[in-house]
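Chains as they are written, first to last, in our numbering: chain Y, 497 to 714; chain C, 497 to 714.
Just so you know, these hints were derived from the structure itself, not from any lab.
Errors might be hidden in some of the hints.
Unchecked claim - The list that follows gives simulated cross-link-like pairs (lysine-lysine, PhoX-like), each with its CA atoms no further than 25 Å apart: (1) C:Lys537 - Y:Lys607; (2) C:Lys627 - Y:Lys512; (3) C:Lys567 - Y:Lys626; (4) Y:Lys628 - C:Lys628.
As the list claims (entries may be wrong) - Only part of the chain Y face toward chain C is listed, based on derived beta-carbon distances under 10 Å: (5) Asp515; (6) Leu521; (7) Asp551; (8) Phe587; (9) Leu701; (10) Asn704.
Because the structure is a prediction, the values reported are computed rather than measured.
By construction, the Cβ of each residue, glycine as well, lies at the ideal position given by its N, Cα and C atoms.
2 protein chains.
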Amino acid sequence: MLNLVFLLYNNNMEKKISDKVINRLTLYHCILFDYINKDIKFISSKQIAQLLHIDDSQVRKDISLLNNSGKCRVGYIVKELKTSIESNLGFKKTKKAFIIGAGNLGSALAKYDNFTSYGLNILGLFDNDKKKIGKIYNNKPVLDISKISHFTKGAGVEIAILTVPRESAQKTAEILIDANIKYIWNFTPAVLSVPDDIVVWNENLMGNFLQFTYNYDM
Amino acid sequence: MLNLVFLLYNNNMEKKISDKVINRLTLYHCILFDYINKDIKFISSKQIAQLLHIDDSQVRKDISLLNNSGKCRVGYIVKELKTSIESNLGFKKTKKAFIIGAGNLGSALAKYDNFTSYGLNILGLFDNDKKKIGKIYNNKPVLDISKISHFTKGAGVEIAILTVPRESAQKTAEILIDANIKYIWNFTPAVLSVPDDIVVWNENLMGNFLQFTYNYDM
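Here chain Y stands alone, though its shape is the one from the complex:
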């Protein structure tokens, strides 16, 4: 009984990590990856902070959200902190996805091996261009979009990474929704009109770029 109460209590007290913190934690993770490659065992909040031009109290605060145990006199234990970020942010949960559009961006993303270490498992690409269907990018086949419904249902895929041209974006989104896709990571510059139960994540590269140039008055 006490155990159950403790579990419930712990569950309710679970710290929700904000988007900004997740963004920074993934950058800390990149730094830790680099340290492991260089065979460096310890890292301080100051070293992380200096690389990102942020305050080291911010780094300590972010890491305190992780229940990370690998803290010692000389700083954090690199391997333990890396594992802690991975388990807190769900790197080990596999998230199956298809890339829609086997053009320049689609094939570039298919070839990006780094995705798998974050749990993103891209099973294949889809296109409507007969010249592209049948190609293989990085062991991932390009399949016919008219048959996508068979594959989403068969493989239980609910995430689509949309990289088609702007003018085909809406029409393609509708095909995806019919095929049981629930989450669309939208790399196109089109805003998609979708039902309420479909989640669209707009990558909005140009929005990011304009934030930078606006803030630096360029």
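Let chain Y serve as the given structure and place chain C on it in line with the hints.
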């Protein structure tokens, strides 16, 4: 004299637009682009809000920051609102840049014509691979990275879009800084160590993806 006082006052009172608002405004801009293509003249805050699954009061608040005059009984005048977003966010200020790395992602970005409408003018790509140097992507030549300093200084380019492999990222950043680059839009999963006067914008695609999956508990 009164005019001068008014100008100074106006300048100091200029509203600073936050990153989140810039992000949303660029999405509104995508919607307006689509409306113009469909020859629709007016748009309401509700129509914008529905497409983005946000509150229409948020849309009105964001647009109120623009000093947009194109408001009428039936909503906003599409063309005027579009122009207003463009002038407020600096779409018309040309920002010259080079892409570093002519691999999959670099060439995909080079072929992305949409950049120019946001004022991002990509003049060329750089690589160290002799097989890539001399190629042309979308009228942009691939040049030899060892000669970049000549081109940055000659063309006054201060922005580099970094798309090289993770393991070459730091070394390449140092070449860029020596060549007078001041702003690095970093698409690599490496955190760069740079002097304080150099600005790095980490695109951090996987950080964005993990925000989504974390928030939807995937």
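Each hint tested on the structure:
The hinted pair formed by C:Lys537 and Y:Lys607 fails the criterion: a straight-line CA distance of about 42 Å is larger than 25 Å. This hinted pair does not check out: C:Lys627 and Y:Lys512 have alpha carbons roughly 49 Å apart, beyond 25 Å. Note on C:Lys567 and Y:Lys626: the hinted pairing is violated, with a Cα-Cα distance of about 47 Å set against a maximum of 25 Å. Of the pairs offered as hints, the one joining Y:Lys628 and C:Lys628 holds, with about 23 Å between alpha carbons and a cut-off of 25 Å not exceeded.
Proximity of Y:Asp515 to chain C holds as hinted, the smallest CB-CB distance being about 5 Å (cut-off 10 Å). For Y:Leu521, the interface hint holds, the least distance from its beta-carbon to any beta-carbon of chain C being 8 Å, beneath 10 Å. The closest approach between the C-beta of Y:Asp551 and any C-beta of chain C is roughly 14 Å, which is over the 10 Å cut-off, so the hint fails. For the restraint placing Y:Phe587 at the interface with chain C, the shortest Cβ-Cβ distance is roughly 8 Å, inside the 10 Å limit, so the hint holds.
About 8 Å separates the beta-carbon of Y:Leu701 from the nearest beta-carbon of chain C, less than 10 Å, and the hint is met. Given the 10 Å rule on beta carbons, the hint for Y:Asn704 holds: about 7 Å separates it from the nearest Cβ of chain C.
Hint compliance for this structure: hints 1, 2, 3, 7 are broken, all remaining hints hold.
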